Amino acid sequence: MEKVLRSRTAILFFILPALLVYTAIVFIPIVSSIYFSFFKWDVVSPMKFIGIDNYIRMFTQDSVFGTSVRNMLLLLAVSLVLQLGMGFVLAVVLSGRLRGKEWFKNVFFMPAVISSVAVGMMWTFIYDPSMGILNELLRAVGLESWTRQWLSDPKTAMWAISIVTSWQFVGYTMILFIAAIQNISADIFEAARIDGATGWKIIKHITIPLVKPITQVNTILISIGSLKFFDLIFVMTGGGPANRTQVIASYLYYRSFNSFEYGYGDAMAVILLMMCLIVTLIINKLFSITNRDF
Amino acid sequence: MTQSDVGRHPFKMVLIYVILGIGTLFYLYPLLWLILNSLKHTPQIYENPWGLPKEFIWSNYSDAWTTGGTGEFLFNSILITAITLLIVVGISSMAAYALAKLKWKGSKITLGYFLIGMMVPIHATLIPLFVYFSKMDLIDSHIGLILIYAAFALPAAILILCGFLMAIPNELMEAAVIDGCSIYGVFWRIILPVAKSALMTIVIFSFVSIWNELLVALVFISDPSKMTLPVGLSNFKDQYTTDYAPMFAAILMATIPTITVCAIFSKRIMSGMAEGAIKG
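In order, the protein sequence lines correspond to chains Z and F.
Under my numbering, the residue at position 70 of the first sequence is numbered 70, and the numbers go up by one with no gaps.
Under my numbering, the residue at position 102 of the second sequence is numbered 102, and the numbers go up by one with no gaps.
No lab work stands behind these hints, which were simulated from the structure alone.
Some hints could be false.
[Said to hold, decoys possible] Taking CB as the label site, the calculated pair distances span:
id : chain 1 : residue 1 : chain 2 : residue 2 : range
1  : Z       : S288      : F       : D179      : 44 to 54 Å
2  : F       : W50       : Z       : R148      : 11 to 21 Å
3  : Z       : L20       : F       : T67       : 37 to 47 Å
[Unchecked claim] Quick list of in silico lysine-lysine cross-link-like pairs, DSSO-like style, CA-CA up to 27 Å:
id : chain 1 : residue 1 : chain 2 : residue 2
4  : Z       : K101      : Z       : K204
5  : Z       : K101      : F       : K105
6  : Z       : K40       : F       : K135
7  : Z       : K228      : F       : K279
8  : F       : K267      : F       : K279
9  : Z       : K201      : F       : K12
[As the list claims (entries may be wrong)] Covered stretches of chain Z (chain F as the covering partner; in silico rule of three or more C-beta atoms under 8 Å from a C-beta of chain F):
id : segment
10 : 92-104
11 : 125-132
As the structure is a prediction and not an experimental result, all values here were calculated from the model.
C-beta atoms are modelled at their ideal positions from N, C-alpha and C, and glycine is treated no differently.
My request is simple: use the sequences and hints to build the entire structure.
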């Protein structure tokens, strides 16, 4: 048996296809990205080594990059608050005994599986200043003065987009919380109730602490999702007006494939990669610290 | 009601249903609005965005399907997603078998090497891939897209499968080997059938992200006849800048198949998405 499991040809046969595809498409390009990021390289001029100039330019001269980071942080904050908050509340309600809960789960989960392009286009029309539902609704209830061009007003555009992404993914957050709540043994709730604990107390002292691992998963998913955020920006505003709604991924895209600044685009890609790694590490660290309290 | 005491007081119940009802409206009304307006002439949308269509303009749908190219996009998306999923299932289960069951030095390091990929955003590979693929004539090619999608779906798939395979005992394999089954036969006759549910999770989890992927398809495909649904749809915006009705029809045709499939398999999909995210 041992001998059979050590057959070298068999091992190579099974591991090589995945190893080759992964190395060629994920690993080598990552290394190349890091390498290219030290070059000035675009369609007009040949590759020229410039050290860390791309990074200096990104952090000190390019104000749009700063805007992109700020927008990403706003998006992250809105998504964390809305998705974790609403997702948890919905999960608590819909994991109880409630007639029609499967229907509600489906309704709230549905947008998470349809494409962000379709969602973005739909919401572009909801926000449309002349025929959109939102302005019509405000006019109908007498709040005429609140109507505005939601997506072309720099003050509201990023908020408007952040709401859409929370609308789209709150169901996903909810599903994960529901899975976690259903994993809690019924005995624990029963015991708490016998001890006289009710509603809020149960949620605060049992549900919230016991779903913590899933809160961690949700936090990571939302954070990485915000870092990689692209589709809705591309569809709804294209980063406009005047780059005011750029996020890192969209700005990287426009720099790389509209103005073809490969070196600069790669420097941004490297920063994005590092942010993804760092954010994951920080969140895991934070949760492992707070875990000691329980 | 083992989990919380929602539902004990009638007043509370009414409140909960009212809030859930408002939530439902918030989720379904946009869709309804889209359906109604996809059946109007564009000028009528401006005149009366709220009301029912005066007459049903079904030609919006045929316009979007043929002239708009939605039919072609749908075909491309189905083709690309199906082939990618086949590749992912095939090579990830092979790799997981080698990593979790076969005995060799370096299997742990190799698993770690694959897992790094889970934290890599696809964006960080776009420029080098674009440059290399240009040289290999893989731009505007479905093969290029499939390779990228498969590669990025691998790490999570391998992790889920390895976890699954490590948990099943070796006796089954041993018995098969004693009965004269080869190492390849074990994979085919024991591992694959046993791992069916884990493979299903991978398929569901990867399907949603591949089917909806925009950025990579945008960078690598510019020929309209090769576009996937998300790119083709986003392209509509420029094509039909003023004629909204066919665009609404296209959005609906692109989303309704997904919604239908999800409604039918909702339980399996929700648990698949949850498992995929938790284990991935």
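Starting from K201/Z, check that the Cα of K12/F is at most 27 Å away, please. holds (17 Å)
For the hint 44 to 54 Å, verify it against the beta carbon of S288/Z and that of D179/F. holds (47 Å)
How does the coverage statement for the segment 92-104 of chain Z fare against chain F, requiring three or more residues with Cβ below 8 Å from a Cβ of that chain? With 8 residues close enough to chain F, the hint holds.
Holds or violated: 11 to 21 Å for the Cβ distance of W50/F and R148/Z? holds (20 Å)
Given the hinted pair K267/F and K279/F, is their alpha-carbon gap at most 27 Å? With a Cα-Cα distance of about 18 Å, the restraint between K267/F and K279/F holds, given a limit of 27 Å.
What's the verdict on K40/Z and K135/F, does the C-alpha distance respect the 27 Å limit or exceed it? holds (20 Å)
Has the given pair, K101/Z with K105/F, been kept, meaning a C-alpha gap of at most 27 Å? violated (50 Å)
Keeping to a limit of 27 Å between CA atoms, is the pair of K228/Z and K279/F held or broken? Satisfied, since the Cα-Cα distance of roughly 20 Å is no more than 27 Å.
When you take the CB atoms of L20/Z and T67/F, is the distance between them in 37 to 47 Å? For L20/Z and T67/F the Cβ distance comes to about 42 Å; the hint holds.
Hey, K101/Z versus K204/Z, does the alpha-carbon distance stay inside 27 Å? Holds, because 23 Å separates the two Cα atoms, which is no more than 27 Å.
Counting residues of the segment 125-132 of chain Z whose CB is closer than 8 Å to a CB in chain F, do you get three or more? holds (count 5)
Consistency note: the structure conflicts with earlier hint 5 alone.
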